[in-house]
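Enquirer: Quick note, the sequences are listed as chains A and B, same order. By our numbering, the letter at position 229 of the first sequence is numbered 229, and the numbering carries on one by one without gaps. Take any residue in the second sequence, count from 1 to its spot, add 1000: that is its number in our numbering.
Each hint should be verified, as a subset may be incorrect.
Okay, derived cross-link-like pairs now, SDA-like style, lysine to any residue, Cα gap no bigger than 25 Å in a straight line [what the hints assert, rightly or not]: (1) Lys398/A x Phe1134/B; (2) Lys398/A x Gly1135/B; (3) Lys320/A x Met1087/B; (4) Lys439/A x Pro1037/B; (5) Lys353/A x Asp1104/B; (6) Lys398/A x Asp1106/B; (7) Lys320/A x Gly1060/B; (8) Lys439/A x Asp1105/B; (9) Lys439/A x Ala1113/B.
If you are wondering where the hints come from, they were derived from the structure by calculation, not from laboratory data. A quick note: this is a predicted structure, and the numbers were derived from the prediction, not measured.
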Amino acid sequence: MTIELDAPRQAGIEAERLRVLRSYDILDTDPERAFDDVTRLAARICETPVAMVSLALGERLWFKARIGMADETGPELDSFCQHAMEYDGVYVVRDASIDPVYIDHPLVTGPAHYRFYAGAPLIDDQGMTLGMLCVVDTTARPDGLTETQHMTLEVLATQVMALMERRRALTARRLSDEQAEAAVEVALQASEKLAESEARFQAIADSMPQMVWSAGADGYHDYFNARWFDFTGQTATPSDTDAWSAQIHPECRDRALAAWQASLATGEPYEVEYRLKHHADGYRWTLGRATPIRNSAGTVTRWFGTGTDIEDIKRLEQAKALLSQELSHRIKNIFAVISALLSLSARHHAEAKDFAMSARNRIGALARAHEFVRPHIEESRPGIAGTTLAAFLLDLFKAYDGEDGVPRVRITGDDTIFDDQAATPVALLFHELATNAAKYGALSQPDGRVDLTLSHRGDRMILVWAERGGPELDGPPLIPGFGSTLLAMSVEGQLAGRLDLEWASEGLKVTVDVPRSALQPRRAAMAAA
Amino acid sequence: MKGRILIIEDEILIASQLRDVLEDLDYTVVGMAANVPAARRLVLAGGIELALVDIHLSDGPTGLDLGREIGQGSDITVLYLTANPEMVRHGVPGTFGVMSKPTDDDSVRTAVAFAMQSRRGGPSLTAPRSLTVFG
Chain A
1 MTIELDAPRQ AGIEAERLRV LRSYDILDTD PERAFDDVTR LAARICETPV
51 AMVSLALGER LWFKARIGMA DETGPELDSF CQHAMEYDGV YVVRDASIDP
101 VYIDHPLVTG PAHYRFYAGA PLIDDQGMTL GMLCVVDTTA RPDGLTETQH
151 MTLEVLATQV MALMERRRAL TARRLSDEQA EAAVEVALQA SEKLAESEAR
201 FQAIADSMPQ MVWSAGADGY HDYFNARWFD FTGQTATPSD TDAWSAQIHP
251 ECRDRALAAW QASLATGEPY EVEYRLKHHA DGYRWTLGRA TPIRNSAGTV
301 TRWFGTGTDI EDIKRLEQAK ALLSQELSHR IKNIFAVISA LLSLSARHHA
351 EAKDFAMSAR NRIGALARAH EFVRPHIEES RPGIAGTTLA AFLLDLFKAY
401 DGEDGVPRVR ITGDDTIFDD QAATPVALLF HELATNAAKY GALSQPDGRV
451 DLTLSHRGDR MILVWAERGG PELDGPPLIP GFGSTLLAMS VEGQLAGRLD
501 LEWASEGLKV TVDVPRSALQ PRRAAMAAA
Chain B
1001 MKGRILIIED EILIASQLRD VLEDLDYTVV GMAANVPAAR RLVLAGGIEL
1051 ALVDIHLSDG PTGLDLGREI GQGSDITVLY LTANPEMVRH GVPGTFGVMS
1101 KPTDDDSVRT AVAFAMQSRR GGPSLTAPRS LTVFG
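The following block holds chain A by itself, in its conformation from the complex:
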């Protein structure tokens, strides 16, 4: 439906006209009744068989409305309109067959047989001619248009422009509506995305085995996952702190709330164990934790928290502690039973009495070693701070303290950590030394005492046992019988150390030199691994 223009036009004007025409959103649209009616009226009033609305777009013409003209009408027509557009007002060709401009025009010489043309320009509000409303007749009209026809053509051209303006206004409104719709669409998509991400968060939160909750910076809880509702049996999100804390056991509530308030005040992570009311299973121990979410300025904006059911773990821990306690009790009881058995066995053998007593005392030392190093639960922990060598020895020597409670074995020097595997040889070593001192050495005299010096020497530990104020000895020190064997076994055998006994005028001096690692074999093994 377009026709090539055969004359060049100024590109700038054409481009501008095209831009303006596009703003009407009319090009290449279907015929419309309003345009057709106006065009038909123009033909009727002007008494012509043909009328049309033509719009000039660059090198083409495009017809919005055509009356009495076949579709296949050739491109030649445009030269009429082309000329007409260069005129102000209505342009008239009364007889093309004698007009020098059109005399050889194919529409004039050809079967279309055009003779008469009259066109009124379509001018926009900026004064630009966009096209023509024109009428065409195959018969020449020497008198041209009547005054009424002339005026009608002008008025109808104005009407065409009005139709086009209306169309542009509608287009503009539609466009703005579309933009608004697009904006709404974007907003909708954004909110859908948000909803989707919220849904995703909820899906994740709901699939977690833990209870998950969230609170604002003010501590106001505004979200609980499905697990929380499952656990508590609640159906509505708690409205305030009182409502959710009501699910916590009264004995734990104040503690839990205090911890929560402290975290809110300081921004420190929240962690507290409390008993939470289960919908069917009474109160269950729960580990509550929360972490603050901070903005770029470091201010806490939200809290995300979890509640983990640790009832089973708690019960397991308690069972384990009970088992451990029971086991330890049995072990200690076995020491007591063996000790009693020895005593009963020796009872009717006077010659075995001393033997039985010393064996029972050694068993007693072993029992003390066990008591000292066994894993303790809070309830049965002895009142001794830390598992250090000095603390252990102080406890071991308590039996030799003076009546006034002053220790007779004084321990000085460098303390060291030692562990359970070293406890037995250390206990036996010092039990033998102390027993010997009580029988034959410094501790057998009221004023006698022992200085025990502990010192680090590189990776060695040197323990010096020096007795003072004991009875006059008339020969080199002698620890009788099995006692000396036990000393050697403990130090040289189990502790991989060296044992040196010497007799000084003031009393027995024993030097024990052991690797420090031998006092903490468990620790050393872990470090090696």
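Given chain A's structure and the hints, the job is docking chain B onto it.
Expert: Okay, now just chain B, sitting in the frame of chain A:
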């Protein structure tokens, strides 16, 4: 006769050895009980000055409450003798003190003598090292 003593201990070897030691020291052991009902019967029978009470008995860790019951319900002096002295380290109302098992004969001798003397209001002595006296 230095005193009448009840031994509440479920290990017969330990109880027997304890009895031997006490009888060697001229005490009268009025009976040995391995559980709570037996102990109650002997307590009801009367004539007891001192009860040596183990915490773990044949019917469980019932010695703790039993000691309190005897101490508060009678004029018997209650001395715990246990492998787990920590269980009563904070003291038990109505009872006298605790000593740790295993122990040697001398510790038993001094601890029992101290308890008897305290009970009878004898001259106050320093408690032996092996004995922890409840405040």
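Enquirer: Hinted pair, alpha-carbon criterion (25 Å max): Lys320/A, Gly1060/B. Please report holds or violated.
Expert: Given that 25 Å is the threshold and the Cα spacing comes to 18 Å, the pair holds.
Enquirer: Would the pair Lys398/A and Gly1135/B pass a check requiring their Cα atoms to be no farther apart than 25 Å?
Expert: At roughly 20 Å apart (the allowed maximum being 25 Å), Gly1135/B and Lys398/A satisfy the hint.
Enquirer: Check whether the Cα positions of Lys439/A and Asp1105/B lie no farther apart than 25 Å.
Expert: Within the cut-off at roughly 17 Å; holds.
Enquirer: Is it true that the CA of Lys439/A sits at most 25 Å from the CA of Ala1113/B?
Expert: 24 Å, holds
Enquirer: Can you confirm whether the C-alpha distance between Lys398/A and Asp1106/B stays at or below 25 Å?
Expert: 15 Å, holds
Enquirer: Need the status of pair Lys320/A, Met1087/B: alpha-carbon distance at most 25 Å?
Expert: Measuring from Cα to Cα gives roughly 17 Å; hence the hint holds.
Enquirer: Please verify whether Lys398/A and Phe1134/B have alpha carbons no more than 25 Å apart.
Expert: 19 Å, holds
Enquirer: With a cut-off of 25 Å on the C-alpha distance, tell me whether Lys353/A and Asp1104/B pass.
Expert: Within the cut-off at roughly 13 Å; holds.
Enquirer: Given the proposed pairing of Lys439/A with Pro1037/B, does the C-alpha separation stay at or below 25 Å?
Expert: 45 Å, violated
In summary, the one numbered hint that this structure violates is 4.
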